[in-house]
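Number of protein chains: 6
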Amino acid sequence: MKISARNVLDGVVKDVKKGATTAHVLIDVSGMTVTASITNESVDELALKAGAKVKAIIKSSDVIVAVD
Amino acid sequence: MKISARNVLDGVVKDVKKGATTAHVLIDVSGMTVTASITNESVDELALKAGAKVKAIIKSSDVIVAVD
Amino acid sequence: MKISARNVLDGVVKDVKKGATTAHVLIDVSGMTVTASITNESVDELALKAGAKVKAIIKSSDVIVAVD
Amino acid sequence: MKISARNVLDGVVKDVKKGATTAHVLIDVSGMTVTASITNESVDELALKAGAKVKAIIKSSDVIVAVD
Amino acid sequence: MKISARNVLDGVVKDVKKGATTAHVLIDVSGMTVTASITNESVDELALKAGAKVKAIIKSSDVIVAVD
Amino acid sequence: MKISARNVLDGVVKDVKKGATTAHVLIDVSGMTVTASITNESVDELALKAGAKVKAIIKSSDVIVAVD
Chain A
1429 MKISARNVLD GVVKDVKKGA TTAHVLIDVS GMTVTASITN ESVDELALKA
1479 GAKVKAIIKS SDVIVAVD
Chain B
1429 MKISARNVLD GVVKDVKKGA TTAHVLIDVS GMTVTASITN ESVDELALKA
1479 GAKVKAIIKS SDVIVAVD
Chain C
1429 MKISARNVLD GVVKDVKKGA TTAHVLIDVS GMTVTASITN ESVDELALKA
1479 GAKVKAIIKS SDVIVAVD
Chain D
1429 MKISARNVLD GVVKDVKKGA TTAHVLIDVS GMTVTASITN ESVDELALKA
1479 GAKVKAIIKS SDVIVAVD
Chain E
1429 MKISARNVLD GVVKDVKKGA TTAHVLIDVS GMTVTASITN ESVDELALKA
1479 GAKVKAIIKS SDVIVAVD
Chain F
1429 MKISARNVLD GVVKDVKKGA TTAHVLIDVS GMTVTASITN ESVDELALKA
1479 GAKVKAIIKS SDVIVAVD
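Residue numbers (the numbering used here), protein chains in the order written: chain A, 1429 to 1496; chain B, 1429 to 1496; chain C, 1429 to 1496; chain D, 1429 to 1496; chain E, 1429 to 1496; chain F, 1429 to 1496.
If you're looking for bench data, these hints aren't it; they were derived computationally from the structure.
It cannot be assumed that every hint is accurate.
Copies of the same chain are indistinguishable here, so a pair counts whether it falls within one copy or spans any two.
Once the Cα atoms are required to be at most 27 Å apart in a straight line, the calculated DSS-like pairs of lysine-lysine come out as [as the list claims (entries may be wrong)]:
#: 1; residue 1: Lys1477; residue 2: Lys1442
#: 2; residue 1: Lys1430; residue 2: Lys1483
#: 3; residue 1: Lys1446; residue 2: Lys1481
#: 4; residue 1: Lys1481; residue 2: Lys1430
Please model the complete structure; the sequences and the hints are all you need to start from.
Structure (structure tokens):
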């Protein structure tokens, strides 16, 4: 599947924290930690757990730029 | 300034493409390219151009996870 | 590829309108028109044009609910 | 009320799952299931429950396009 | 129409800048300027121009919090 | 830090409601209440509580415009 989102970052799941409906997935991307907030159902369907190889996908319109 | 967005990635601007109202900013983050779609006004106010040190900020609710 | 976004709708491209940097892609989904605002680059890379079979992907945190 | 969001899909609520703060609302739209992640407060204020007629509203900048 | 988005701010359009596909609408909200990036089509359909009474609608999952 | 997001609104926290993973932060902005849905971790790191001076940051691509 090819996707229009410009940002597709390869990573490895570090941790999954399930809440009541929403889970936080921490992903190691080249030594940085990227956090994704997704549904518990998606965690189950994708069988996400520490060590899983994943992609973090981010639409370019969702990226903010800052300078110090 | 401290910010609630979980993902704040350090990078360097590679290229800026201005459109009629919307600009695309390509940012090198640890060898990966992150694209941000922002307003032309923001490009001007932040003086964004190739070589500028920036941060790419992404809210965790905007990160999708995929597995092959 | 399996994806965490809950909403993956099958459709057919009706029209593509490229702007200076941002394109609008109109997709027929079961007789409804879904509009996606994506980069021109993505239109080119995915070779999007009228008649192409596509999926419209939407994260559940981006869906608003309204009642009359 | 007229709204700038390009995607306003008519549907019927199939299920509402409340979490601690965030609820998932499953909406039948022409036989497809659209999931919305919204606050519990909104579920209460809109009196959302199975069978309710609703609209699923999605901004075009939040739609990703994919091809197989 | 009642809407799940928690943030519905009353305002008055100050300026509309149309681009090739994407327009920027500047809205005065209690003396603050809120900028919305929407499609040109929406500007036309809603007949947005300086002086128009509008609402700026923002989903709570799209609000970032910062402290100095 | 200067940020590309066009909308940076000064406010004061009115209330913080933590859920299992996701918190709702109610912010008074010029007499209006702006709700932000953020992670519990961010609430802790920013030490958010009633009375705290904060900024509500919103990207212009996340603002919908409506007219009655």
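Right, here's what the structure says about each hint:
Taking the closest pair of Cα atoms, lysine 1477 and lysine 1442 come within 27 Å of each other only inside a single copy of the chain (8 Å); across copies the shortest separation is 29 Å, beyond that limit. In this assembly of identical chains, the alpha carbons of lysine 1430 and lysine 1483 lie at most 27 Å apart whether taken from the same copy (13 Å) or from different copies (10 Å). In the homo-oligomer, the alpha carbons of lysine 1446 and lysine 1481 lie at most 27 Å apart inside one protomer (19 Å), although the nearest pairing across protomers, at 30 Å, exceeds that limit. Within a single copy, lysine 1481 and lysine 1430 get their C-alpha atoms as close as 18 Å, and across copies as close as 12 Å, so both meet the 27 Å cut-off.
Hint violations for this structure: none, all hints satisfied.
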